[in-house]
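Q: For the sequence shown, the tail end lands on 1008 under my numbering, and the numbers increase by one without skipping.
Just so you know, these hints were derived from the structure itself, not from any lab. These numbers were taken from a predicted model, which means no experiment stands behind them. Some clues are possibly wrong.
[Said to hold, decoys possible] Calculated pairs, BS3-like style, for lysine-lysine (alpha carbon to alpha carbon, straight line, at most 27 Å): (1) Lys898 to Lys916; (2) Lys916 to Lys891; (3) Lys879 to Lys898; (4) Lys899 to Lys879.
[Claimed, not checked] Label pairs and their computed distance ranges (CB to CB): (5) Asp1006 to Gly925: 18 to 26 Å; (6) Asp914 to His955: 15 to 23 Å; (7) Ala845 to Asp1006: 34 to 42 Å; (8) Ala870 to Asp999: 30 to 38 Å; (9) Ala858 to His955: 16 to 24 Å; (10) Lys899 to Gln969: 17 to 25 Å; (11) Gly957 to Asp859: 33 to 41 Å; (12) Thr874 to Asp933: 13 to 21 Å; (13) Gly925 to Glu865: 18 to 26 Å; (14) Gly900 to Gly989: 28 to 36 Å; (15) Pro943 to Arg882: 12 to 20 Å; (16) Asp859 to Asp914: 14 to 22 Å; (17) Asp842 to Glu865: 27 to 35 Å.
Just so you know, even glycine gets a beta-carbon here, dropped at the ideal spot from N, CA and C.
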Amino acid sequence: MNDDLTNLLDDGAAPATPEVLLAHLADLGVEVETVSHAPVFTVEEAKAVRGELTGGHTKNLFLRNKKGRMWLVVCPEDRQIDLKDLGQRLGAGRFSFGSADRLMRYLGVIPGAVTPFGVLNDHGGAVTLVLDSSLLQIEPLNFHPLDNAMTTAIAPGDLVRFLESVDHAPALIDLA
């Protein structure tokens, strides 16, 4: 990330880097494997460059409602999500996608790099994390480590442990 004022978090801090994230995971005793690749911005682009990466691949939806509350919904990459139904299930009302500016301010990432690891940057706890419960049965899970030119594989239990360590214990919901 550069020092451009548009790349600051809502609290004025600079977003964490992949190196900071990976150090945090190491401090927790979490073993991960990270690979570099061409930057990807969509699930389809990710499918084209991931090669032999095994495990679960996801889509990560950064959503907001009319009141400005935010959610990060993480589900298998091919899961079809009805935003109207999801909004009702979560008691959120009507959802829309969060803007690129809001994404940077709260999760410290750009579109295409959305990841549950981004809650490391949500110091104020403004974003509610929702995991499709089916993801806990897939090992490893693959996510961008705050940079869409990298993918990090992590065990599902270790992902939950990380999320809890940054005060973002996930809501587990069957989104099937």
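Q: So which of the earlier hints does this model not fit?
A: 3, 4, 6, 10, 11, 13, 16
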